[in-house]
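**Student:** Spelled out, the chains give:
There are 6 protein chains.
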Amino acid sequence: MYHHVKKLMYTVNIGEPDPRFGLGRMLLEQFGGANGELAAAMQYSIQGFNCEDAARKDLLMDIGTEELSHLEVVGALIRMHLKPMKNDREAAEADPLVAIAGGGGVSLFDSMGNAWTADYLKVTGDLAVDLRSNIAAEARAKIVYERLIAFTQDQGSKEALQFLMTREITHMRAFTAALDSMDKPQFSVGIIKPTPTLVDQFFNASTGESQYGEGDFVGPWNHSNGLIQVESEIKGGQGLDVTPYAPQPGTEVTSPIDSTPVGKYTNGVGKKQAAIHAKAQKRAEKEAAVEV
Amino acid sequence: MYHHVKKLMYTVNIGEPDPRFGLGRMLLEQFGGANGELAAAMQYSIQGFNCEDAARKDLLMDIGTEELSHLEVVGALIRMHLKPMKNDREAAEADPLVAIAGGGGVSLFDSMGNAWTADYLKVTGDLAVDLRSNIAAEARAKIVYERLIAFTQDQGSKEALQFLMTREITHMRAFTAALDSMDKPQFSVGIIKPTPTLVDQFFNASTGESQYGEGDFVGPWNHSNGLIQVESEIKGGQGLDVTPYAPQPGTEVTSPIDSTPVGKYTNGVGKKQAAIHAKAQKRAEKEAAVEV
Amino acid sequence: MYHHVKKLMYTVNIGEPDPRFGLGRMLLEQFGGANGELAAAMQYSIQGFNCEDAARKDLLMDIGTEELSHLEVVGALIRMHLKPMKNDREAAEADPLVAIAGGGGVSLFDSMGNAWTADYLKVTGDLAVDLRSNIAAEARAKIVYERLIAFTQDQGSKEALQFLMTREITHMRAFTAALDSMDKPQFSVGIIKPTPTLVDQFFNASTGESQYGEGDFVGPWNHSNGLIQVESEIKGGQGLDVTPYAPQPGTEVTSPIDSTPVGKYTNGVGKKQAAIHAKAQKRAEKEAAVEV
Amino acid sequence: MYHHVKKLMYTVNIGEPDPRFGLGRMLLEQFGGANGELAAAMQYSIQGFNCEDAARKDLLMDIGTEELSHLEVVGALIRMHLKPMKNDREAAEADPLVAIAGGGGVSLFDSMGNAWTADYLKVTGDLAVDLRSNIAAEARAKIVYERLIAFTQDQGSKEALQFLMTREITHMRAFTAALDSMDKPQFSVGIIKPTPTLVDQFFNASTGESQYGEGDFVGPWNHSNGLIQVESEIKGGQGLDVTPYAPQPGTEVTSPIDSTPVGKYTNGVGKKQAAIHAKAQKRAEKEAAVEV
Amino acid sequence: MYHHVKKLMYTVNIGEPDPRFGLGRMLLEQFGGANGELAAAMQYSIQGFNCEDAARKDLLMDIGTEELSHLEVVGALIRMHLKPMKNDREAAEADPLVAIAGGGGVSLFDSMGNAWTADYLKVTGDLAVDLRSNIAAEARAKIVYERLIAFTQDQGSKEALQFLMTREITHMRAFTAALDSMDKPQFSVGIIKPTPTLVDQFFNASTGESQYGEGDFVGPWNHSNGLIQVESEIKGGQGLDVTPYAPQPGTEVTSPIDSTPVGKYTNGVGKKQAAIHAKAQKRAEKEAAVEV
Amino acid sequence: MYHHVKKLMYTVNIGEPDPRFGLGRMLLEQFGGANGELAAAMQYSIQGFNCEDAARKDLLMDIGTEELSHLEVVGALIRMHLKPMKNDREAAEADPLVAIAGGGGVSLFDSMGNAWTADYLKVTGDLAVDLRSNIAAEARAKIVYERLIAFTQDQGSKEALQFLMTREITHMRAFTAALDSMDKPQFSVGIIKPTPTLVDQFFNASTGESQYGEGDFVGPWNHSNGLIQVESEIKGGQGLDVTPYAPQPGTEVTSPIDSTPVGKYTNGVGKKQAAIHAKAQKRAEKEAAVEV
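Chains as they are written, first to last, in this note's numbering: chain L, 3 to 294; chain B, 3 to 294; chain S, 3 to 294; chain G, 3 to 294; chain C, 3 to 294; chain U, 3 to 294.
The hints are simulated quantities; they were obtained by calculation from the structure and are not laboratory data.
Treat the hints with caution; some may be incorrect.
Any copy will do: because identical chains look the same in the list, a pair fits if it lies in one copy or spans two.
As the list claims (entries may be wrong) - No more than 30 Å apart at the CA atoms, straight line, and that leaves these computed lysine-lysine pairs for DSS-like:
1. 85 with 281
2. 237 with 281
3. 284 with 195
Remember, it's a predicted structure, so these values are computed and weren't measured experimentally.
Using the sequences provided together with the hints, build the complete structure.
**Tutor:** Next up, the structure:
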């Protein structure tokens with residue numbers, strides 16, 4: 003259940019409204035944009051609705067709810083900047099959708115007037131995967147706030163954006179801690195191990211040199227984390243090892259907190275193992291989290 | 003410039019086609035779906051087009067191009083499963099869009115018939131942020147392939163999916179190595195440090211206990227990575243520290259490989275620093291990468 | 003600022019899960035569908051963010067927030083029904099998007115897998131118009147819940163749906179009271195009167211008789227509320243009165259609570275009238291609403 | 003069957019074309035926008051295709067067809083304003099989609115270049131609900147025309163917009179008359195009564211006072227139309243009455259003109275009642291409407 | 003101006019309704035689908051609104067209007083097939099969007115429930131180009147109707163589909179005649195000639211042999227219409243001739259009926275030529291077309 | 003399998019970047035727009051994936067792959083023009099989506115910021131129909147490039163656009179040759195002949211004279227290609243011949259290269275004919291194409 007407290011989470015004050023192509027419109031990016039506050043709020047809350055681990059579900063609901071409060075703060079900031087749009091033709095030209103159809107108010111659009119869509123969200127129902135998506139999402143939101151700060155001179159707006167930007171780093175830290183607490187090896191996802199040999203082969207699919215001097219480089223991404231580079235057959239190389247290999251469910255290292263794998267029991271990973279997993283999950287939940 | 007080699011990257015063979023609501027349709031998820039092969043190919047290639055670091059641009063083009071080859075493999079796999087759809091009314095009922103409008107062929111739709119959209123992509127133009135998005139994207143693709151494996155019994159299909167699934171882990175390792183090679187502290191994004199104190203406050207925005215026994219937990223995500231938990235004012239807590247704080251561009255730890263920050267020079271981070279950054283970037287590129 | 007209380011607004015219990023094409027999937031219509039709970043929550047909350055009348059803003063925030071709590075209830079109901087989808091191939095076939103990409107969890111899609119979009123929302127920034135949109139939205143949500151009830155036999159589900167359905171009528175009553183409290187004549191919108199004579203002419207643009215006996219009828223909609231029917235020139239009638247007529251801003255009956263008209267003061271309705279309006283608005287707000 | 007008469011419904015004449023960010027672009031809002039003429043034409047016509055009451059179907063086809071004629075008028079008005087866009091670079095910058103891809107002609111986009119989508123439509127197949135949606139749609143279209151008038155100084159354009167604006171009020175009156183003619187009590191929707199007691203409870207989900215002095219008000223919307231205000235448990239109140247209550251199909255007051263309820267006869271409302279309803283419907287149709 | 007005649011253009015009668023995944027749902031493809039009747043109606047009508055040649059504008063309005071009448075016929079056919087969906091749970095499962103949200107009526111969705119979007123339309127404002135788009139659109143619609151015929155056994159439905167299918171060929175003939183009447187050489191588009199030599203080079207970008215025996219073929223498309231095949235540099239060929247070449251506006255063969263080229267007069271093709279073109283256009287219009 | 007060669011297909015060089023509303027933004031139309039290079043690349047490649055005729059599949063893959071190389075060239079051109087957007091507020095205002103969310107890089111959006119969608123593609127799985135769609139697509143792309151040339155003064159950009167524009171004509175010639183090589187009569191589509199008499203009737207659905215002198219014309223499109231004009235009943239004409247007519251599968255003239263018709267064998271066109279068709283197809287393939 004949600005409750006709305008009329009006090010804004012951050013007290014927004016601005017100096018001079020800046021409607022024409024300006025901060026007001028750019029800010030819409032963080033209201034109804036792909037990496038904006040509604041996207042964050044919905045991604046985490048819906049992951050939370052789906053989460054079977056009560057402890058990390060609490061985390062997802064904490065942050066999902068805070069992002070809703072941010073949406074409200076961004077909305078207040080935009081409205082202050084949009085004010086002149088109501089009566090000023092020149093300001094209205096900058097964004098007719100807001101000025102004409104929206105009466106100068108905010109709505110769930112990004113800076114180019116695209117309606118918000120759930121296609122922005124990354125929700126897989128696998129907790130460890132979702133946490134990775136969230137860490138990346140927070141990094142994206144951070145960089146967008148930073149760019150918004152770079153394009154305004156208004157002190158009050160800068161400070162409000164700094165507040166919101168800071169919270170993304172807080173959340174990034176929290177999601178990272180939650181992922182770490184699952185004790186999964188860095189490249190473990192799900193329950194099926196990747197094919198040996200093939201998984202170590204970095205495939206060099208782009209070669210040569212461009213007109214601008216960009217060449218075919220070798221870096222740590224070609225030869226660390228167990229990788230070795232393989233050349234393409236078109237360049238005289240051996241190509242990837244494509245020997246067929248049957249999937250082995252149950253071979254990947256899983257965490258007791260992992261969601262029960264989808265379709266698992268139709269794939270030879272039996273009921274007994276499921277029971278063990280469930281038990282371990284209960285225990286891990288107890289240990290990792292202390293109820294307040 | 004691209005070149006197409008008619009040989010498929012993996013030789014797809016299936017036993018029995020499974021069109022009705024089956025693998026064919028489910029597989030569309032990895033063809034034209036949100037975490038499918040076209041999404042991967044486009045996300046990495048376009049990040050590559052934008053990348054100012056030639057060494058890591060090569061990485062992005064390598065993997066972006068390989069994903070195009072995967073798109074072709076998934077397409078071949080789907081076509082084999084869709085075959086009966088062309089002439090069998092019952093099979094056609096499973097997906098009229100494919101059967102009637104598409105003549106039983108593949109098209110850029112997901113498993114529910116939604117047209118592929120660039121809204122699925124995460125491209126920010128900040129290399130370190132984009133690499134995080136890619137790591138998460140690979141994890142999502144891996145788990146989706148695993149679920150597809152769980153829902154088919156056809157050996158050839160299982161093996162083809164295992165091949166594709168394995169490559170996601172390879173790419174995850176490579177993107178992680180590339181991010182690590184940038185030597186950025188774990189929670190550093192961009193050029194502006196978050197607000198002290200505030201950044202350490204984990205806000206407990208979801209409290210109480212549900213009808214299903216889910217409570218208000220404390221876990222590492224509330225008190226590690228420098229975090230401390232703060233209670234909401236509505237629950238008698240102190241709330242977040244909302245003292246206004248002015249952004250300080252240039253205070254965050256950056257990597258020489260970082261993209262030049264957007265709008266930076268309008269924000270008091272001067273030309274001299276930009277020149278130093280550019281020089282360091284050139285040097286780092288030389289060291290980290292050896293041209294083949 | 004929002005706060006999340008872990009207790010669901012309504013205690014959901016179901017008998018037998020019904021995943022295959024069943025209630026689970028149908029229910030998505032009220033989760034991420036065009037007339038679903040997120041659409042309601044967002045429409046009212048964003049109207050609330052924009053509302054300049056503090057009293058009716060409170061109303062919009064009350065109901066907008068309650069709809070978020072409903073979203074959570076619908077989510078819980080769906081999850082209970084979707085459970086078998088995780089491991090049962092036949093159930094998974096019913097909705098591969100949920101089963102494969104979503105791991106059997108809810109996401110912001112409608113019953114056919116379309117991603118939620120802000121295109122569903124009706125937000126104009128004119129309070130009286132927005133209230134009309136809300137009354138219609140509640141009626142639509144009511145009828146959809148009723149149809150969902152009609153297609154399930156599970157008692158717990160029926161009761162949960164009855165709870166949610168009832169709230170729509172409550173909200174319909176509240177929005178109607180808010181519109182009535184603005185004391186606007188029934189067909190007054192904005193500040194410009196429609197053209198006399200022309201406004202009374204109902205145009206008979208569809209004539210003749212169909213193969214199924216549907217004819218050209220006359221009903222109250224052709225001759226009440228001041229209307230008279232006008233025949234088309236193609237049928238030998240006089241057609242509409244199309245004499246040009248200049249708009250007269252300030253002639254329509256407005257309410258003191260009306261939003262300041264967009265662009266008004268650039269159109270000859272002067273500053274003095276704006277000041278009078280603002281004063282009346284303050285007074286009306288005081289009278290109509292008593293702070294708790 | 004449709005017939006096109008080359009004469010425009012209204013003779014559009016403009017003084018000075020105003021392409022750059024101007025009226026031309028803003029006007030697209032009423033051509034291919036969410037509340038524009040195509041949206042109106044399609045919403046009413048498709049409701050008309052679905053309508054089982056021949057008399058009100060005639061109304062829906064009359065107005066749906068007239069809106070198509072309006073689409074043509076708006077198109078003519080836009081084309082006159084867009085003319086300079088064809089050859090003038092500065093004008094073309096204002097809307098590259100129209101200038102470059104569209105050759106300076108109109109297309110089904112809104113003022114921000116978003117393609118028209120059927121997501122804008124509200125079609126439920128329940129006549130009384132659809133009429134409410136139409137009343138709200140006409141109010142929205144009226145206010146948008148008024149805003150367009152406010153942002154142009156061209157007399158011919160103002161008059162054309164006044165014509166179109168006026169028709170929305172005409173239609174609003176007609177839809178209202180049609181709804182009234184169904185003799186349904188104001189808050190009756192469908193066939194199932196809402197839960198007693200619960201339906202009277204207005205839930206105060208937003209409380210406190212904002213930094214801008216917005217408080218927790220009480221207005222008629224909290225205590226008229228049978229409503230009483232209930233406080234949330236988080237604020238020490240009693241919360242809503244959530245006693246489970248089984249739906250009672252057939253208890254709500256219906257109109258003889260009501261569409262046959264969806265799924266009704268699977269829910270205990272028997273065939274006999276259906277026959278009575280059908281008879282009443284025939285009689286009502288006869289009385290309310292006189293064939294021309 | 004449009005007028006609606008209640009008589010359907012074709013008298014639709016069906017034997018047995020076929021709702022479950024059947025013809026009703028498949029048919030939606032031609033109602034609200036990408037190549038359906040609304041798409042056709044809108045594409046031609048909007049091209050007509052934009053057309054500066056009155057004679058061919060008449061053609062576009064004739065066919066655009068007829069397609070609206072087809073939309074109505076398809077709507078009637080669908081409604082007959084959807085009837086059981088209203089009350090039958092099993093039928094409703096086939097398409098919950100139609101059954102639950104739409105009350106069993108038609109709406110502007112395709113066979114997979116995707117909302118119709120103007121992204122389907124091809125409108126460039128260049129008459130000869132638009133006619134080519136229309137010829138292709140009619141071919142697509144023809145093949146879709148043919149497939150629908152193939153999947154039903156109901157005689158009345160087959161005949162209705164045959165009627166609609168036939169009209170697509172009629173329109174294809176008419177659009178082809180209109181294109182031919184413009185007397186443009188087959189590969190002339192616009193006003194700028196392509197670069198000599200380069201335009202003749204067919205680039206062999208796909209080579210080798212696939213696992214399924216598909217090889218690198220040579221056909222008429224590589225060596226007729228003036229083409230010669232050029233091999234890629236990656237395969238040891240010479241690659242395309244990429245010598246820079248400046249555009250020469252005014253060198254391509256144009257028709258007097260061609261739309262005035264966009265931006266032409268900013269590119270050195272002077273006012274005098276424009277006047278000659280305008281004159282020729284008037285004369286051509288007179289000759290080619292005789293007013294009724 | 004795809005391989006990426008770092009050398010761009012065309013060496014892009016520009017003089018002065020032109021970010022503000024300028025070429026950079028307009029150019030996005032050909033990157034992520036409806037008729038842009040990704041749309042072309044995907045349309046042809048996916049038709050290629052589906053093509054059962056190996057010879058013409060090679061054609062589709064050749065051109066589909068070349069369009070990917072064009073996408074890269076357009077991307078390089080845009081990036082050069084966008085450069086100032088990174089640090090210049092005024093430039094950033096022109097397209098906040100690119101500047102703020104994209105960090106000044108390219109992404110898959112059109113000139114108005116709409117995300118690329120597969121709804122742009124025309125893929126039916128019928129080779130002759132797909133070739134017609136491709137011919138039209140090339141014509142559209144040609145005209146858009148021409149308009150871009152008309153709106154820039156930068157020599158390097160003009161030449162790059164001329165290169166890309168030229169290739170569209172090359173492809174148009176190749177697709178036309180491929181269609182011609184199928185030896186299908188001009189108005190033959192699929193396997194079912196249209197209804198005699200009816201197919202010859204051009205229906206005059208738009209009549210009268212507009213306020214701007216546009217009348218009801220007769221042109222070759224009304225009386226050539228076997229057509230005769232029929233007047234509407236509303237204008238006193240006879241209307242179309244709507245006598246029901248049963249579809250006759252197998253009566254239309256087909257090509258040995260035609261795709262096997264969808265659903266054909268459920269409609270009385272037997273297995274024997276299918277075998278003959280398959281044989282003819284093999285032979286035609288051999289004759290028309292010589293493997294390199």
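**Student:** What are the numbers of the hints the structure violates, in ascending order?
**Tutor:** 2
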